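Asks: So the chains spell out like this:
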Amino acid sequence: MAGPTPDERPHPTGRRDEHGVRKEPDHGPEPTRRATVSALVEDEPGVLARAAGLFRRRQFNIESLTVGPTTVEGHSRITLVVEETEAGIEQAKKQLAKLTPVIAVGELSGDAVAAELVLLKVRGEEPDKVHAITSMYDGQTLDAGPRTITVQITGDENTIDDAIDAFDQFGIIEIARTGQTALERGDSPTTPGEEPGHSAGETDDDEFTNYDD
Amino acid sequence: MEETDDDRASDPRRRARRGRRRGRTDRAERPDEADAEPTDEPTADAAAARAEAATRSPGTGANAVIAALEAAGVETAFGVQGGAIMPVYDALSASSIHHVTMAHEGAVHAADAYGIVRGDPGVCMATSGPGATNLVTGIADASMDSDAMLALTGQVPSDMVGSDAFQETDTVGVTAPITKHNYFASDSDDVGRTVGEAFALAGTGRPGPTLVDLPKDVTFGETDRPVGEPAAPDRAIPDAEADDRQVEEAASAIQRAERPLCLFGGGVIKGDATEEARAFAREFGIPVVTTMPGIGSFPEDEDLCLSWAGMHGTGYANMAITHTDCLIAVGTRFDDRLTGGVDTFAPEAEVVHVDIDPAEISKNVHADYPVIGDAATVLDQLDAAIGYADAPDTAAWREQCAAWREQYPMDYAIDPDEPVKPQFVVEAFDAAMDDDAYVTTGVGQHQMWAAQYWTYREPRTFVSSHGLGTMGYGLPAAIGARVAADDDRQVISFEGDGSFLMTIQELSVAVRENLDVTIVVLNNEYIGMVRQWQDAFFEGNHMASQYDWMPEFDTLAEAFGAKGFRIDEYDDVEGVVEEALAYDGPSVVDAHIDPEENVYPMVASGAANGQFALAEDQL
Numbered sequence: 001m002a003g004p005t006p007d008e009r010p011h012p013t014g015r016r017d018e019h020g021v022r023k024e025p026d027h028g029p030e031p032t033r034r035a036t037v038s039a040l041v042e043d044e045p046g047v048l049a050r051a052a053g054l055f056r057r058r059q060f061n062i063e064s065l066t067v068g069p070t071t072v073e074g075h076s077r078i079t080l081v082v083e084e085t086e087a088g089i090e091q092a093k094k095q096l097a098k099l100t101p102v103i104a105v106g107e108l109s110g111d112a113v114a115a116e117l118v119l120l121k122v123r124g125e126e127p128d129k130v131h132a133i134t135s136m137y138d139g140q141t142l143d144a145g146p147r148t149i150t151v152q153i154t155g156d157e158n159t160i161d162d163a164i165d166a167f168d169q170f171g172i173i174e175i176a177r178t179g180q181t182a183l184e185r186g187d188s189p190t191t192p193g194e195e196p197g198h199s200a201g202e203t204d205d206d207e208f209t210n211y212d213d
Numbered sequence: 001m002e003e004t005d006d007d008r009a010s011d012p013r014r015r016a017r018r019g020r021r022r023g024r025t026d027r028a029e030r031p032d033e034a035d036a037e038p039t040d041e042p043t044a045d046a047a048a049a050r051a052e053a054a055t056r057s058p059g060t061g062a063n064a065v066i067a068a069l070e071a072a073g074v075e076t077a078f079g080v081q082g083g084a085i086m087p088v089y090d091a092l093s094a095s096s097i098h099h100v101t102m103a104h105e106g107a108v109h110a111a112d113a114y115g116i117v118r119g120d121p122g123v124c125m126a127t128s129g130p131g132a133t134n135l136v137t138g139i140a141d142a143s144m145d146s147d148a149m150l151a152l153t154g155q156v157p158s159d160m161v162g163s164d165a166f167q168e169t170d171t172v173g174v175t176a177p178i179t180k181h182n183y184f185a186s187d188s189d190d191v192g193r194t195v196g197e198a199f200a201l202a203g204t205g206r207p208g209p210t211l212v213d214l215p216k217d218v219t220f221g222e223t224d225r226p227v228g229e230p231a232a233p234d235r236a237i238p239d240a241e242a243d244d245r246q247v248e249e250a251a252s253a254i255q256r257a258e259r260p261l262c263l264f265g266g267g268v269i270k271g272d273a274t275e276e277a278r279a280f281a282r283e284f285g286i287p288v289v290t291t292m293p294g295i296g297s298f299p300e301d302e303d304l305c306l307s308w309a310g311m312h313g314t315g316y317a318n319m320a321i322t323h324t325d326c327l328i329a330v331g332t333r334f335d336d337r338l339t340g341g342v343d344t345f346a347p348e349a350e351v352v353h354v355d356i357d358p359a360e361i362s363k364n365v366h367a368d369y370p371v372i373g374d375a376a377t378v379l380d381q382l383d384a385a386i387g388y389a390d391a392p393d394t395a396a397w398r399e400q401c402a403a404w405r406e407q408y409p410m411d412y413a414i415d416p417d418e419p420v421k422p423q424f425v426v427e428a429f430d431a432a433m434d435d436d437a438y439v440t441t442g443v444g445q446h447q448m449w450a451a452q453y454w455t456y457r458e459p460r461t462f463v464s465s466h467g468l469g470t471m472g473y474g475l476p477a478a479i480g481a482r483v484a485a486d487d488d489r490q491v492i493s494f495e496g497d498g499s500f501l502m503t504i505q506e507l508s509v510a511v512r513e514n515l516d517v518t519i520v521v522l523n524n525e526y527i528g529m530v531r532q533w534q535d536a537f538f539e540g541n542h543m544a545s546q547y548d549w550m551p552e553f554d555t556l557a558e559a560f561g562a563k564g565f566r567i568d569e570y571d572d573v574e575g576v577v578e579e580a581l582a583y584d585g586p587s588v589v590d591a592h593i594d595p596e597e598n599v600y601p602m603v604a605s606g607a608a609n610g611q612f613a614l615a616e617d618q619l
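Heads up: the protein sequence lines correspond to chains A and B, in order. Counted from 1, the first sequence has number 1 at position 1 by full-length UniProt numbering; the numbering is strictly sequential. Counted from 1, the second sequence has number 150 at position 150 by full-length UniProt numbering; the numbering is strictly sequential.
Hints listed in this document are in silico derivations from the structure and should not be mistaken for laboratory results. Note that the coordinates shown come from a computational prediction; the quantities given were computed from them, not determined experimentally. Keep in mind that a hint or two might mislead.
What the hints assert, rightly or not - Output of the computed footprint for chain B on chain A, the stretches with three or more beta carbons under 8 Å from beta carbons of chain B:
1) 9-17
2) 43-53
3) 154-164
Said to hold, decoys possible - From chain A, some residues computed to sit far from chain B (all C-beta separations above 12 Å):
4) Thr5
5) Lys23
6) Val102
7) Gly197
8) Ser199
Just so you know, even glycine gets a beta-carbon here, dropped at the ideal spot from N, CA and C.
Just chain A, same shape as in the assembly (with noise of 0.2 Å):
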């Protein structure tokens, strides 16, 4: 076959990054951000493995994931935290959306509401000072024995990670922690079309005011 061969052939200078943007030639890595998605589904069989599989498989790094009923009877809603960059939230975003049984995605903004729970067994040889301790965390003491003693505690990220700095003096014999859950602030729909629930609507006159008003 004719022609130029390779490095004879003209060649345009431009590049891309790996997301396939065209670049600046000084271009660095792309930052990654933490983002949390809140995800309604349909209650069946397998939605949180579908999920989780999509993630797994397209190697999206999740930091946690949460799945629980919500006002409708039949829909879940899976929270999850990924750290990824711009162009990969978007993705995992769209990917989960594509799921058949998907009903509406949305990315929380950074004024929602988030808490997770952790539970906590530390040593029991100074309840009273656990006991300060969970107190000002605003913790419940779950049980109390001779040697163990199991607390919860709620509250976001940040608080959990400071609860459990101050009782490691303690010596923290088990813990489990559930990740974030989260709800977007005010009037604000958490996922795209999010209807709000049924006792919420409910008024005298069977009239509910406009969720987005």
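Model the placement of chain B on the given structure of chain A, informed by the hints.
Replies: Frame of chain A; chain B shown alone:
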């Protein structure tokens, strides 16, 4: 030299082929079906039969499964009988649906090809366990290529699920990542509706494979509930029309361009948008490259068409894609075999990306102008938004593309004393066959030659395994294509020796059904593509790629009851082409080709498209 239409029409061999039945004998024997020829428009009788199936009381879950298929208008299913699927097959015996019993659950490839040719989901069936897992490759294949397909699998009775029962596999779990969606049927009353939904979903929006797992107690169980019309969930039905603002922005980008290039992917064909795509490119004089799945979306014998780009695409297509300043990509997912290294892909181009699936936008290549919608609708929208007066002036750019076509022609050298070149065999069949013949292929060097040296003019005529690259796809796909195609359309399959041997048992099906297909084995006694890479990147160490233990395929074909032919030298070609095509039934041409011939041009894995090699020393 191109033949004229008149030449072809007066060729007695061609006329003899037209109207020949393709061997759907058991269908023909049904009195009510004997005269029914498939047409694009459903007849009143067919519509009535569908409505009847949707509303009748099925009796059992298995009858509901079949009623759902009938209500969906399914005419043919491919599969293998087995333990857990037996109730469904029993119900199938009373149906008008034609079941093609395959020799292996490679039936899935036949269903895949059937779906590609028909444009409706192909249906395949298998039992639980090994039946279901044998479907997995073909389901993954359909998933990668966005082929609409419905797979029905038997399952052990519900109360034994999870107990590692005989022939039990977690089919829903195994196939979840490779299906558009899958279902575990848990209720005889719902199973018919579920099958209908799965069928409809497979063909809705971006097509893909769906699966319904059918526990034996559910198919045995009684139900009086009619299955209803098949319907995809509302949520799964995307808007056909794109957002006006997206269209306008994309249109201005195209107007501003000096070197615009259309990139038509498989989505143009899947979305039945070839007419709109052709009109768009022709109206504005924009050169066209296709992806490999997009082959046939634009006629390859038109000046505007630069054929397909990517790893083994034409040099001129790869030059054009490297130098375009506005890439109008329709229905493509920017696979790495197309893009090469993403860093060097169309580095000066603003990308307009039209796709029905929002998740494809900016997945591999960032879209400067995303336009989400149905390809045909969006192309019409874009066409209207640009307007002829504001079209970009592409004369100089087209001239440049033509120059590249001259510089890097698709070419190969013939020496009459040397072994036959595979490209020559492909071209010989192309010249002897109709423009709208269906070509199926296995995977490897032969697939590339069949893609490079056959001139495709019509959509759905190139039926191949693209994304997954499944060896052995060609023969079962030829069976599926033959069953799907109108009688006057020819079907040929190019296979490699290694690829053919992987599913050669399906030849027994082609013989039993008396399918008029021509199978051409480009036999180089190598896993040729592997050998080519070993020569280029592994110092010629032919580890496990030398297949000099291949059987005589022409003799083997005769053992199956097919007709065998053999090509050893150039002088054999013309006669064998003529005889093989004239033979009414499955014929196998064992074409012994130059074992050292390689596929070029070639873009090395991850390299720049414009760096395509024309010979090994350029890699």
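Asks: Could you tell me which of the hints above the structure violates, numbers in ascending order?
Replies: 3, 4, 5 and 6
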